[in-house]
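Asker: Model the full assembly from the supplied sequences, consistent with the hints where possible.
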Amino acid sequence: MIHVPGERTLYTCPRCGGNLKFTRIKGGGFIISCLECGLRFPTSPSVSTEVEAFLELQDAFEEGGIKELSRARLEKLGLVKPLHVLESELKEEGALLSSLPPVVREILLGGDYVALYRRFKPVEPAKGGRVEESGLAEPLVKALKELEISRLYRFQEEAIRKVLEGKHVIIAAPTATGKTEAFALPVFQLILQSRSRFGGLRPQSRGVKALFIYPTKALNRDQLPKLRALSKYAGITVEVLDGDTQTSERNRIYSNPPDVLITNFDMIDYHLKRRDRFSHLISSAKFIVMDEIHEYVGSFGANVHFILKRMRRLCGEFQVIGASATIRNPKEFGSALVGEDVEVVSCSEGKHGVMHLVMLYPATRSVSTMIVDVISRCVKEKLKTLVFANTHKDAEVIARIAKRRGILVPVHRAGLPESHRRRVERDFKSGVVKCIVATPTLELGIDIGDLDVVISMITGYTRFAQRAGRVGRKGQEGLCVLALRGNDPMSSYYKNHPEVYFTDVDPAYVEPRNPVVAEHQILFAAMDEPLKPGEFQEFQPVIEKLREEGMLAEQGGLLYATREARRRTARYNIRGIGEVVEIYEEGRKIGEREMPLAARELFPNAVYLHGGRNYLSKSFRFKGGVGVAKVELLPDDYPYKTEALFYSQPQILGTVERRKVFGVEVSYCKLNITQV
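Under the numbering used here, the residue at position 577 of the sequence shown is numbered 577, and the numbers go up by one with no gaps.
Everything labelled a hint here was simulated from the structure, so no lab data went into it.
Some clues are possibly wrong.
[Claimed, not checked] Computed cross-link-like contacts, DMTMM-like style, restricted to lysine to aspartate or glutamate with a CA-CA straight-line distance of at most 25 angstroms: (1) Lys623 with Glu594; (2) Lys474 with Glu146; (3) Lys589 with Glu56; (4) Lys81 with Glu63; (5) Lys76 with Glu56; (6) Lys670 with Glu548; (7) Lys232 with Glu332; (8) Lys273 with Glu535.
[To be verified] Have a look at the derived ranges for each label pair, beta carbon to beta carbon: (9) Phe120 with Glu549: 55 to 65 angstroms; (10) Glu418 with Gly298: 24 to 34 angstroms; (11) Arg571 with Arg312: 22 to 32 angstroms; (12) Val516 with Gly556: 48 to 58 angstroms; (13) Gln246 with Gly556: 32 to 42 angstroms.
Virtual Cβ for every residue (Gly too), placed ideally from N, Cα, C.
Answerer: What follows is the structure, encoded as structure tokens:
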């Protein structure tokens, strides 16, 4: 027991030294659970305080009287669903407890509350015709056959047809249904057709014909082999050029431009305003392919909207093809993002085998401990398991608890070295490790092989569907576990109303008229090329404001970005990401963390979780947009953790809209939020 004056008392487990959680139960008393070793101890009903409960636990431990809670006892305490109710719900799904796979049965009969069980039959998208009958060029058909694709899906045929007709197209289809083929094949076909118009020779204007844009650099490299496999017999060249591309490789690409360039919007934004070799390289592009477009929401999406406008000034008109696995309003969102009307091609069913879905609520322990318990059952059955945590800290805590139980669960998240992340991907794909825990870094389509199980902390349904879509791609039986939080009002609501979760789908949104984004992007457009009269007509008030502030200056009837504009926009990030603090141990960089989170987690003497290990922050410095934290490694059994004390203080700058919702007045405001 640790007590600091003025602070809440911390209780440690007599078995392993981990932190204890106290859950008050109906009828009196507590359930004490250890966040590390999984111990669960019910006190007597007469116990009314945590101190009394802890003393009773200590006495029981010293006398050897701590036993695992039986299911019957948990049912009696109202902490798990009665067995007859669970069996009745299984029957409604056409399943019997005795016929379920062992790991599913163990999870359902474990010590956590089963809010929902669903069993989904094997499905596959509707098949279309044979690839020989698709109208695609022979080199593309040959590549498909080599990839063992003998028939296209109907949605792929529809997408190919609409792209070949020259329309802007958004493809909305579940994960692992073949979206890449749906957007790549028609673009490759059009490139081949453009060659044929020159008598079989390459077009006279050298340069990139298509840009394939992905939201992450990891996805760029992951998709390169797949695109090359589809284009290999067509003689269509595909290269990656992003922030990780070496100088020698860049020079080679500039000297000999590929037909297809894989990149990201960060790269395009950076180089357009510099009018350099990269902007010249992409100026000939006539096809813009954007995968995972659901990532381009909010202010990031507004920036992408403007970057597409800026690209039209450079490239002229081009055709846009977008794709997403999870999006509720593809036409509305796609049209807002692209700035022009789009056509939608949809596929409602992805490919998977028998699928078991379990929604679990941790009645007597932390969600991290519950997840590790599920991991242990899956690893015991040698099932390939991917765990999704929502935050860096959640991922690290899960990995640490698993390690203390003798289970290897590598962490994959932003902030860890790229070499570490790629090694984790490689080891997981090859089967060297059976389970990894990741933040949304693996939510997108990076190829990590076939998955048997996905365990996800509670998130919005759209993101959960994206995560769950990675299971059972080869038709094997799969399991998805949605882990609710025990101390979260939303989780408590879904525990009692689980069906609501699957209807709570947020539409994707983009703000093309975001004033902050508009100011920066109009300045960038002026850096790309001076603004002509009439350009960005709908943003004339913004342009006038920038002129008054000395950011734009007129010369010869054109508007130029001033030196002050370049200074003001120097640190602008299209993703809204703050500055980065680099983390060093004994002079070696081991990772990085974004501000302001770095200030909360790496302050001097903070215990910092990184890559499944504990570190002590020895120093923290952040000045002029540059930050460095120095840490030292702590023992694996180090029992303490730290939390920063901070609060947010909002200041209302103005009210945009005010209305009443269910009798409660709600305001949409412009805020300035100060965190202390």
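Asker: Determine for every hint whether it applies to the structure shown.
Answerer: Against the structure, the hints come out as follows:
1. Lys623 with Glu594: Roughly 14 angstroms between the alpha carbons, so the hint for lysine 623 and glutamate 594 holds.
2. Lys474 with Glu146: With a Cα-Cα distance of about 18 angstroms, the restraint between lysine 474 and glutamate 146 holds, given a limit of 25 angstroms.
3. Lys589 with Glu56: violated, 47 angstroms
4. Lys81 with Glu63: Violated - the C-alpha atoms of glutamate 63 and lysine 81 are around 31 angstroms apart, more than 25 angstroms.
5. Lys76 with Glu56: holds, 21 angstroms
6. Lys670 with Glu548: holds, 22 angstroms
7. Lys232 with Glu332: With Cα atoms ~36 angstroms apart, lysine 232 and glutamate 332 exceed 25 angstroms; violated.
8. Lys273 with Glu535: holds, 17 angstroms
9. Phe120 with Glu549: 55 to 65 angstroms: Taking Cβ atoms as reference, phenylalanine 120 and glutamate 549 lie about 57 angstroms apart, which means the hint holds.
10. Glu418 with Gly298: 24 to 34 angstroms: holds, 26 angstroms
11. Arg571 with Arg312: 22 to 32 angstroms: holds, 26 angstroms
12. Val516 with Gly556: 48 to 58 angstroms: violated, 29 angstroms
13. Gln246 with Gly556: 32 to 42 angstroms: holds, 41 angstroms
Hints 3, 4, 7, 12 from the list above are not met by this structure, while the remaining hints are.
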